[in-house]
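Please model the complete structure; the sequences and the hints are all you need to start from.
Protein chains in written order, with this note's numbering: chain G, 7 to 334; chain H, 7 to 334; chain Y, 7 to 334; chain A, 7 to 334.
Note that these hints are calculated values from the structure, not bench results. A few of these clues could be false.
It does not matter which identical chain is used: a pair holds within one copy or between any two.
Each computed DSSO-like pair below joins lysine-lysine, with the alpha-carbon atoms no more than 30 Å apart [as the list claims (entries may be wrong)]:
1) 124 <-> 15
2) 15 <-> 228
3) 313 <-> 185
4) 227 <-> 313
Protein chains: 4
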Amino acid sequence: MYIMKRKIKKIGVLTSGGDAPGMNVAIRSVVRTSIGAGLSIVGIEKGFRGGYDNSFIELNSRSVSGIINQGGTFLKTFRFPEFAEKTVRVKVYENLKKTEIDGLVVIGGDGSAKGAFKFSQDFDYPVVLIPASIDNDLYGTDYTVGFDTAVNTAVDAVDKIRDTATSHDRTFIVEVMGKEKGYFAIEVAVASGAEIAIVPEVVVDWNDVAETLKVQELMGKKSSIIILAEGAGKAQELASFLQDRFPNRQIRYSILGYIQRGGNPSYFTRVLATKLGSVAVEQLVLGKFPFMVGVKGSEVVYTHLKKVVSTSKLPDMEHLDLIRKMSI
Amino acid sequence: MYIMKRKIKKIGVLTSGGDAPGMNVAIRSVVRTSIGAGLSIVGIEKGFRGGYDNSFIELNSRSVSGIINQGGTFLKTFRFPEFAEKTVRVKVYENLKKTEIDGLVVIGGDGSAKGAFKFSQDFDYPVVLIPASIDNDLYGTDYTVGFDTAVNTAVDAVDKIRDTATSHDRTFIVEVMGKEKGYFAIEVAVASGAEIAIVPEVVVDWNDVAETLKVQELMGKKSSIIILAEGAGKAQELASFLQDRFPNRQIRYSILGYIQRGGNPSYFTRVLATKLGSVAVEQLVLGKFPFMVGVKGSEVVYTHLKKVVSTSKLPDMEHLDLIRKMSI
Amino acid sequence: MYIMKRKIKKIGVLTSGGDAPGMNVAIRSVVRTSIGAGLSIVGIEKGFRGGYDNSFIELNSRSVSGIINQGGTFLKTFRFPEFAEKTVRVKVYENLKKTEIDGLVVIGGDGSAKGAFKFSQDFDYPVVLIPASIDNDLYGTDYTVGFDTAVNTAVDAVDKIRDTATSHDRTFIVEVMGKEKGYFAIEVAVASGAEIAIVPEVVVDWNDVAETLKVQELMGKKSSIIILAEGAGKAQELASFLQDRFPNRQIRYSILGYIQRGGNPSYFTRVLATKLGSVAVEQLVLGKFPFMVGVKGSEVVYTHLKKVVSTSKLPDMEHLDLIRKMSI
Amino acid sequence: MYIMKRKIKKIGVLTSGGDAPGMNVAIRSVVRTSIGAGLSIVGIEKGFRGGYDNSFIELNSRSVSGIINQGGTFLKTFRFPEFAEKTVRVKVYENLKKTEIDGLVVIGGDGSAKGAFKFSQDFDYPVVLIPASIDNDLYGTDYTVGFDTAVNTAVDAVDKIRDTATSHDRTFIVEVMGKEKGYFAIEVAVASGAEIAIVPEVVVDWNDVAETLKVQELMGKKSSIIILAEGAGKAQELASFLQDRFPNRQIRYSILGYIQRGGNPSYFTRVLATKLGSVAVEQLVLGKFPFMVGVKGSEVVYTHLKKVVSTSKLPDMEHLDLIRKMSI
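Quick look at the structure:
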């Protein structure tokens, strides 16, 4: 990470990739910190796509009133694979120059980290990333903006499903977020008191799942919940596999899907988004880039985007162990 | 409906069919009203199945403490198709006799209504039904126990999905409860501000859905929500049909599934369950059977089970019209 | 109620008095129904005060996007006692005339009903009232917009307090909305499983409250909840009275206060607001005034404002009885 | 911290002091970890009081089924000042001996820490503390069990109050938990977007509060929220002070009170309680005492109870600064 002296007077802010609860809170913090520091602040709509299309809007303190409890992002977001092409990035760069935007705060997940890093490298352009993703899969921070909210939403849903599971003595497979990572699924499983969690990082033989259910049944468990990360298998297939093994049990499945993305941000998400939004602007002004702001415990930490995009974050394997210990 | 003079001293209560939020509240009311009236009260586990298996538990006022805010049913429920066989019903009747249970309060939906009616006819046995079902599909009551809670759960889920829909300018198809009836879907659609509702009672050409979306787009709507009752089509198929028509739009779908069944009962559900539980016992003691207790506005009404099982309830078509009016 | 033929081309809509959840939903429905009927629609800010101050804003379909799940009222509301003066009403009338507003939809409670009625009488001016109030204290409708949401909020709060009450074997007095009416308190009490409800309509000797607690204790109840309508006494005073009587018990109190006004409107509130907003406009155009739209069961009903302002609505005394029956 | 070799075969678990959401989850974890490790586990009702009164109950895995989403504590809790007397502690010790309980897991806040420490010192008795308190005021852990849930409850309440504040252009003072510490109030203020936070650790001249409001008004803020920790002043007094200064403003106040204690535990609280419950048992068995288990970031940390009871935890002053930055 290197420090450069260039005067930043106008900052652009955008949300990119999949939406996450708390993106609005992060924008609010970036906007108000910028205004408070005497900078101009411009919203770029639909992520980098808006940079390409010249969708810029001047923002002020009142532009972000009343959004602290709103899910989603009022600047809108977009998956913009074309940004991988150099010509597209050049166009975005030129538009930023024309608009006199001197630095960029990007709010997004790992795809956005890659785009932001490339863009910063191409043009030696000041960029800071605020990690926002319901997956919590970014290296360099204990938590991403949106994760705590999304897990709470999923846990709340599993609580409801457990009402039905218990009332009918059923076994439920609940498919949750997590195409490549099991962090989300593991946390949902611990918090919802699930009997089993299946995640992409750990290969699981479905016969072992059946065996575990059998043992738990002997211990007096009449209903059970299996949390399945979407990248670790199909709920429907696991359900029909288990139904074959246990013809007398009622096996059901549920796919939580998009409800996990939305909703009123939780306390933790709001404080995290506010804190990271504020330090992102402060560090950008100091000339520090390209990096991601994050937290380690209660400390703010900075990680070079090169490291962020090249390092994989592992789920908490001790929590997998906790699930096993609690399922007796 | 005829009145008989026979002395009821011990009542049995059971929950049957699909679980619904508020079943616990109805049990609580039946138990405490019975105790208050000097009757004995016995819980029958797993619906009629428990009558067959002799799963009886003596209940008292404290047995139902602390369950008013619990989803599901602590007496458990069961789908028991074998109850359609006369020999099975005879066994249940004999078990009730042996246990000296003089009358039955059945808490359940339309399947339970059929079983309860048949059972009452077979043995001239006192039975009252408390309508509990998230579908609100029983003739003879404005609302069933659980319906208000389930719609609130679904609306809350659609609110979350709308956050994502709006952030990405997407069209979402949300599949909700309703295999044969659209009542649930229509209410969810009005309350969530959905642009379109598709229900089993009204045949819809998907080309018309596409046409409606096109018109709404011209009016400035960038994202939209379509509520689809599960019995009116498959969300996945409609999504792929619409995606073909609108290649530049992002069409997504979500199936709410089992989360709609569980959860802390709402105010309305709790009051309804308490009121109906209480009058069910009072009327049973007066010798009135076989009937269903229900509400019409703020009045309690009674409907003979013959009428309940033979009459179809129609959804509120004016509400379908409301959806259209609001989607401009 | 008499029907007049005058051509209505532009409607004004305002929210007045205390805010209630669902006011935004009612505005949305009024606006879109008006637009759909080819009318112009103008928002008047801060209730009748905005009519006095010429705070008019043109509204269109997009003005009310994304507010169906927002508490409060974006048109703002105001208590405006000056509206009782004739000169003030004349000024408002003249401003409406100048702005070419031909009719008014007023969204509010009983104070607003009085103002709306007077205004309509003074100038033979077309006015319709949509009942919106968390108290549900308006004659002519089973439910007001906001009531269902507010009761759910209060019940949710009492559920939380019961966790503490049970953990400590405490008695809690919870003061809820209701200066003159006990409807709200009674519904909260039934739904939260409270042991006692005290309301303005029924004089209660606190010695009897103490006696009831003593009896319930003998029946095995170690903790209890008393719901007190704010107009029926002070929670603090009742707490200290009971503490004197039961020195070994832990008596606590909590005043729910303003949290009961806000929040995301419930399903029931949203559907009610949408339905009433729509029929209000339709009837106004037909020349029907001055009346209130309301519901009786699932039917829409109309009541002349003279009757609304002069008739008192009684709480459901059978529900008081239910509380007693359940508290054993 | 010293390690002793004594064989632990039976563990006692109790909850003590003010209740906090997640206490049930911690009990569940202690119970199941104990059973899994081959130990016997005994629940002690009403905290140390139950040790005095011989209120012991044998627990097994099924005893803690279905409580992961229940607020409060099923073992009940009690404030037991008599425990400060040596003779009382001796009696408790003898009862534990008689019951053959070899070690104690205490779930509670700072009062419980003091009692637990003294008890362990008196008899060289193995005791571990799981920090559970909605105040988050214990030295030795980033978070206590219950804190995250309670802040979410308070933030949710302030969101509702803001609906009313905005609809009426009002200023609201919201009094929240925190007799001696401002940690809770500060987090609520950041997360709810409050304009001002007043905490016990920082002396504030109310004239400065008035001044700040005046400045914010000039910047276009028409409504505002002031979060007041209960130990930093009386909401009612501040309200009347400000009303005198701003006769044209509508100043209101609300005291959140006991609702902050209860409720379904949040994801974060549940995972924390599960993790700490598990390591508490594991370390106790290893002979490590008397200490508190806690977290620093994602790491589990151990702090000697002497240090816990003698060190004060400071609130996050940078978060106070964040509130100021965001309130423009």
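Now the hints, each set against the structure:
no. : hint        : verdict
1   : 124 <-> 15  : within (23 Å within a copy, 57 Å between copies)
2   : 15 <-> 228  : between (63 Å within a copy, 29 Å between copies)
3   : 313 <-> 185 : within (22 Å within a copy, 44 Å between copies)
4   : 227 <-> 313 : neither (45 Å within a copy, 41 Å between copies)
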